[in-house]
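Undergrad: The chain contents come next:
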Amino acid sequence: MRINQPLVLGIHFATLFATLFVTIFAAEPLQADNQAPSQADAIKIIDEMEAIYRGDSSRADITMIVQTPQYQREMKMTSSVIGEEQSFIRILSPKKDRGIATLKLDAEMWNYFPKINKVIKVPPSMMMGSWMGSDFTNDDLVKQTTLTEEYDLSLAETATQYTITLIPKAQTVTVWGKVEYVVDRAEMVPVAQNFYDDRGELIRTLAFSDLKQFGDARVPSRLEMIPLNKKGHKTVIIYDDLVFNPTDVDPSVFTLRNLKSRF
Amino acid sequence: MLLKLAFRNIFRQRRRSALTALSIGGGYILCALSFSLIEGSYNNLIELFTLTKTGHVQIHKDNYLDRPKLHKAIDHYETVGHQLQEFEQVKSYSFRIFAPALAYSEEGNHPAQLIGIDLDRERATTLIKDKVTSGNYISEFPDEDGYFQAMIGVSIAESLKIGLGDDLILISEGADGSVANDIFKVGAILGNRGGVEKSNVYLPLNAAQTFLALEGRVHEIVLILDNYQDAEPFAQRLRPAIPDLTISTWQQVEADFYKTMQSDKQGNHVTLGIILFIVFIGVLNTVLMSVLERTKEFGVLKAIGSRPSIIMSLVTLETTLLATISVLVALLIALPVMYWMTYVGFALPEPIDMGGIAISAIRGEMSVFVFVIPFLLLISFALLISIPPGIRAAKISPTQAMRSH
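Chains as they are written, first to last, in the working numbering: chain A, 1 to 263; chain B, 264 to 668.
This is chain A alone, in the form it adopts within the complex (with noise of 0.2 Å):
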């Protein structure tokens, strides 16, 4: 599955490079100028954030570990992204569950049961649900994406971190009422997100750790997910790998008949 081409990786990591040096350029006179933090650079460095895991395309091997006060599951699963709007995740192993994916074309969702040979499409009722009995809910997997068109954002900044606060515009329909981004200024990564509800109760946290070197890039390879109005609930998701702009990741990846595939 993963590209051991040295020649087609080369050309992938020059566009890379040209991707992080503009980033990187882009990001310079945010440091640069003192001005009151506006959000235009808001937007720009959870733009850049989000697109930490995914750059133009990706592909990752994640292990996922669902923990509550009764069980403890481990899941792994290969994931394929291209862009914001498409993602498809493949479940490898335990045995019962390998097989069982889920794909995502811009805000619509399907799951895949290859037990029982069917397509369900996640209705939007079910899109705070659960996603495979972790504590990311489906909208986590649809809807992160498009954070910067559905909120309000203000900087704050100390010598470390950037904070950058969320708040949903008066037409959002979404369940917080606020969302901390917490944005590690050295490192240019995510550390941690911070998920209020409408009375300003912290309801759950998104916790980035473990900086590793994945191709060019150094991303957290583990985030934690703690809700906190659920005792001993965890889901930690660890990226085993993590690959850019894969040549095996096109638009075919992100249908549903690939969906239905045996593999």
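Just to be clear, a hint being listed does not mean it is correct.
As the list claims (entries may be wrong) - With beta-carbon atoms standing in for the labels, derived distance ranges: (1) B/PRO506 x A/GLY200: 51 to 61 Å; (2) B/PRO506 x A/ASP106: 52 to 62 Å; (3) B/TYR410 x A/THR205: 40 to 50 Å; (4) A/THR247 x B/ASP329: 55 to 65 Å; (5) A/THR205 x B/PRO331: 54 to 64 Å; (6) A/LEU105 x B/GLU370: 18 to 28 Å.
Read the hints as simulated data drawn from the structure, not as lab findings. Positions of the beta carbon are idealized from the N, C-alpha and C atoms, including for glycine.
Chain B: place on chain A using the hints.
TA: Okay, now just chain B, sitting in the frame of chain A:
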């Protein structure tokens, strides 16, 4: 002497005595038959209800009954089963697993209550086998292609447009948080549209355990005793034996049903009380009349030296005697009627649906309770009612009495 007098007095005014006897006897028959019907129909209902749905006693983990959660499961259920066998009253028991599920077919989907049952035990414990309207009671083994069979309620079969042998897709949440999904074959269709099981899907216990990732665990142990009335005392005895689990009687499991039934019963008792009251007003009237009519007589009795207590005893004795005789005769009449009601009963033209259980006939009950309670009620009321006229008779002054006519 007093007894003889009382007897003679009763038979002296035959017509009046006969009318009084008729009203007391009629009251008894009415009362006993109503009692029989109330008790009988409720007993039948409870029998049917417990055998269809709840069993007599249920065992759960923690507060599963109030707040069912997939993971609140009993893991040593086989051991508990062996413990239950040591109690003589336990006729049978069965293990169950519950989960909400979504049933799919090519035609659509339908919400379903998934119930995993120990097939052999469940058949011996409840009436589930009698509910099979088409197909056969399923087996616990998968077919040659590896598919387990399922029994489905009528509503599911109809809305999914599936019949015997067709695929039934079930999706639910596993106890490990995974998405439980699998295909089953329809092996039987259960019940009717009004039945409690119309939206149920029954799976073999082992298949349900695997499906829901609940291997080696069940949610409920349901047991049937020799008599449903033993549920509470039995639960009391069982609690110390299995202290780590929650034991509930059918009255607790179906508290709403039980409360409705109790209040309904009380309503019936009030109606009966009113009937009895009317009967006794009539009796009071006759006794009072007979005392007033015999004022002169009592005057003479007093004049020749009878103590007031003797006169009062005479009046009460007369009434009680009359009541006893009439009740005994009424009992003889009531017996065959009650026998017929108990063993034949009134067939209802349309079965009544009560809590999802179809009642097709109203039957009475024959028990000591049904005979004795109205008996005691009537005799003691007769006694009570004869006291005021008795006092009146005892207080009569001889001179005034002999002057009256």
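Undergrad: Are the hints correct? Go through all of them and say.
TA: Checked hints:
Taking 51 to 61 Å as the suggested C-beta distance range, the pair B/PRO506 and A/GLY200 does not conform, at roughly 45 Å. A hinted range of 52 to 62 Å holds for the C-beta pair B/PRO506 and A/ASP106, which are about 56 Å apart. For the pair B/TYR410 and A/THR205, the supplied restraint of 40 to 50 Å holds, since their beta-carbon distance comes to about 44 Å. One distance hint, 55 to 65 Å for the beta-carbon pair A/THR247 and B/ASP329, holds here, with the actual separation near 57 Å.
Between A/THR205 and B/PRO331 the beta carbons are some 30 Å apart, a value that contradicts the proposed interval 54 to 64 Å. A hinted range of 18 to 28 Å for the beta carbons of A/LEU105 and B/GLU370 is consistent with their spacing of about 26 Å.
Hints 1, 5 from the list above are not met by this structure, while the remaining hints are.
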